[in-house]
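Colleague: Protein chains in written order, with our numbering: chain A, 1 to 114; chain B, 1 to 112.
Don't read these hints as lab results, they were simulated from the structure. Remember, predicted model here, so these are calculated numbers, not experimental data. One thing to keep in mind: the hints can contain errors.
[To be verified] If you only want the chain B side, here are some residues facing chain A, beta carbon under 7 angstroms, derived:
(1) G43
(2) L44
(3) K58
(4) N61
(5) F63
(6) F90
(7) Y98
(8) G103
[Stated by the list, open to error] Keeping only pairs whose Cα atoms sit at most 25 angstroms apart, straight-line, the calculated PhoX-like set for lysine-lysine is:
(9) K99/B to K78/A
(10) K57/A to K78/A
(11) K69/B to K99/B
(12) K68/B to K99/B
(13) K57/A to K99/B
(14) K14/A to K78/A
[Stated by the list, open to error] Stretch-level coverage of chain A by chain B, calculated; a stretch enters the list once three of its residues show a Cβ under 8 angstroms from a Cβ in chain B:
(15) 78 to 86
(16) 101 to 113
Even for Gly, the Cβ is constructed at its ideal location relative to N, Cα and C.
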Amino acid sequence: GAGVSQSPRYKVAKRGQDVALRCDPISGHVSLFWYQQALGQGPEFLTYFQNEAQLDKSGLPSDRFFAERPEGSVSTLKIQRTQQEDSAVYLCASSLGARGYEQYFGPGTRLTVT
Amino acid sequence: AQSVTQLGSHVSVSEGALVLLRCNYSSSVPPYLFWYVQYPNQGLQLLLKYTTGATLVKGINGFEAEFKKSETSFHLTKPSAHMSDAAEYFCAVSSNDYKLSFGAGTTVTVRA
Chain A
1 GAGVSQSPRY
11 KVAKRGQDVA
21 LRCDPISGHV
31 SLFWYQQALG
41 QGPEFLTYFQ
51 NEAQLDKSGL
61 PSDRFFAERP
71 EGSVSTLKIQ
81 RTQQEDSAVY
91 LCASSLGARG
101 YEQYFGPGTR
111 LTVT
Chain B
1 AQSVTQLGSH
11 VSVSEGALVL
21 LRCNYSSSVP
31 PYLFWYVQYP
41 NQGLQLLLKY
51 TTGATLVKGI
61 NGFEAEFKKS
71 ETSFHLTKPS
81 AHMSDAAEYF
91 CAVSSNDYKL
101 SFGAGTTVTV
111 RA
């Protein structure tokens, strides 16, 4: 069956531009997660949705980062006024239930800010 | 708060040899522990997980890991490496129901 998909796979933005990264979770999955993976590092948690409710956004690095999941399926991670330190791979994951014991990851979006 | 330390950022093994990847964690509450594998340009794939019960956990592709509370460890092993095991491996811990904290990863190279 279809897994988690993310688009675009690669994004180059000039410093100061806004970007929007999309995540299509596995159909029917209640929970959705965003992680940021810097080069040579493990993923770091950004935010967590249960259906359309954003239950934890403690990992968002600044108020330039915003995530939404308005209908409880597709999610968008928006970064305003991008900075070079935002360059990373952004991973989306989903899990079937309210708990994230088995998170299924998408391939990620590699963001490069020049 | 929890954290994960993976000893060795790179491991090289011969085909057919034992694969051993080390993971130590810190957690203020009983943890849930995970190993993920990441192939180039792909997302992370769950290899195995420990939540409760038996401390020796078997996963996909012949991997297994043992939870040792006294050592705060969750090392990953595979008796015989295959070329297809070349990838990056991440250990992760969760002390709640959802937020994963990952180690920095270990890249495995398999020599023919």
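Colleague: Can you list which hints this structure breaks, lowest number first?
Modeller: 3, 4, 5, 15
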